[in-house]
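Student: Sequence:
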Amino acid sequence: MRTWEKGIIMIARAIVFFGLISTLMYGKFDQILSAAAGLFALFVPSIVRKIYPRPSRRIWPWVSPFYNDSIYALFAIFMAAHITFLNVPFLHLDLYNQVWKGADVPSHYLGGLVTWVIFNEVVLESSRTYNLHWSPLKIVSISLFALVLVGIAWEFFEVALQPDMPWLYESMSNKTQDVVMELLGFGTGILMVFKLEYPYSMKKPLENAPVQFGATSVDILPQPDHVKE
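Numbering (the numbering used here), first residue to last: 16 to 244.
Treat the hints with care, as some may be off.
[Claimed, not checked] Computed list of lysine to any residue pairs in SDA-like fashion (alpha-carbon distance at most 25 Å, straight line):
1) 65 x 54
2) 65 x 100
3) 218 x 159
4) 65 x 220
5) 43 x 210
6) 65 x 207
7) 219 x 73
8) 65 x 225
9) 65 x 77
10) 65 x 32
11) 190 x 176
12) 21 x 160
13) 21 x 209
14) 43 x 207
15) 218 x 43
16) 21 x 43
17) 218 x 207
18) 218 x 176
19) 218 x 205
20) 190 x 222
21) 43 x 78
22) 153 x 72
23) 190 x 169
24) 43 x 61
25) 153 x 172
26) 210 x 160
27) 153 x 210
[Unchecked claim] Distance windows between CB atoms, simulated:
28) 45 x 186: 17 to 23 Å
29) 68 x 153: 27 to 33 Å
30) 25 x 195: 44 to 50 Å
31) 224 x 184: 40 to 46 Å
It should be emphasised that the hints constitute simulated quantities derived from the structure, not laboratory data.
A virtual CB, placed ideally from N, CA and C, is assigned to each residue, including glycine.
With the sequences and hints as input, model every part of the structure.
Tutor: And the structure:
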């Protein structure tokens, strides 16, 4: 893990931890639950790696995001921002519900980015591991479809919770905005993956992966003729 990525993860854990302490002081149950879940989520990749250091080939694509340090760092940024917007530590301030109704805009943007890079890695590693020979276009199309499906499902989930949590009410235009921001996050993810090869490359194997499957992990995607030669 790069030093700066480890630093981001540690800072995010500290922010969310202080957020949890803050919510415990004020005693708002939904925020306590969100902060506790967020803090636990920031340790899940480390726990998975410790419990299952060498995952089997069969399940590798589905667990590969847990072993990607760069995705871990991006997820940490998203989680720290999301929890802070819900409750600014020690200020008893819910930015979204009290100050800025647009506070969910960066949350949905970052959420779309992180969710897509996770889905795309699962599909990419499936193509490599199971020798499916999928093109980059097909891989991105599948992961984009999954992102849109999850984004829409999340909006319906919020509607279902409204009778018990009326503060979740949003207009249709706001919900449309949420989905649009998630798609903008997807667009940013495309640029990062294809131009910067971050948090992973579509052509190179995952750095520091705990498993190696030979040439299929690198050469499964179509390569330029000069590379094949």
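Student: Starting from residue 190, check that the Cα of residue 176 is at most 25 Å away, please.
Tutor: holds (15 Å)
Student: For a C-alpha distance cap of 25 Å, please report whether residue 65 and residue 225 respect it.
Tutor: Holds, because 11 Å separates the two Cα atoms, which is no more than 25 Å.
Student: Check the hint pairing residue 218 with residue 176 against an upper bound of 25 Å on the C-alpha distance.
Tutor: With a Cα-Cα distance of about 42 Å, the restraint between residue 218 and residue 176 is violated, given a limit of 25 Å.
Student: What's the verdict on residue 65 and residue 54, does the C-alpha distance respect the 25 Å limit or exceed it?
Tutor: Holds, because 18 Å separates the two Cα atoms, which is no more than 25 Å.
Student: When you check the alpha-carbon spacing of residue 43 and residue 78, does it fall within 25 Å?
Tutor: violated (34 Å)
Student: Below or equal to 25 Å on CA atoms is what counts here, so check residue 218 against residue 207.
Tutor: holds (14 Å)
Student: Between residue 218 and residue 205, does the CA-CA distance stay at or below 25 Å?
Tutor: OK: residue 218 and residue 205 at ~14 Å, within 25 Å.
Student: CA of residue 43 to CA of residue 207, is that 25 Å or under?
Tutor: violated (38 Å)
Student: Is it true that the CA of residue 218 sits at most 25 Å from the CA of residue 43?
Tutor: violated (47 Å)
Student: So if I understand the rule, the pair passes when the alpha-carbon distance is 25 Å or less; does residue 21 with residue 160 pass?
Tutor: violated (31 Å)
Student: Taken at face value, is the distance from the CA of residue 210 to the CA of residue 153 at most 25 Å?
Tutor: holds (18 Å)
Student: Against the 25 Å threshold, does the CA-CA distance of residue 65 and residue 100 hold or violate the hint?
Tutor: Violated, because 31 Å separates the two Cα atoms, which is more than 25 Å.
Checked against the numbered hints given earlier, this structure breaks hints 2, 5, 6, 12, 14, 15, 16, 18, 20, 21, 24, 25 and 30; the rest are met.
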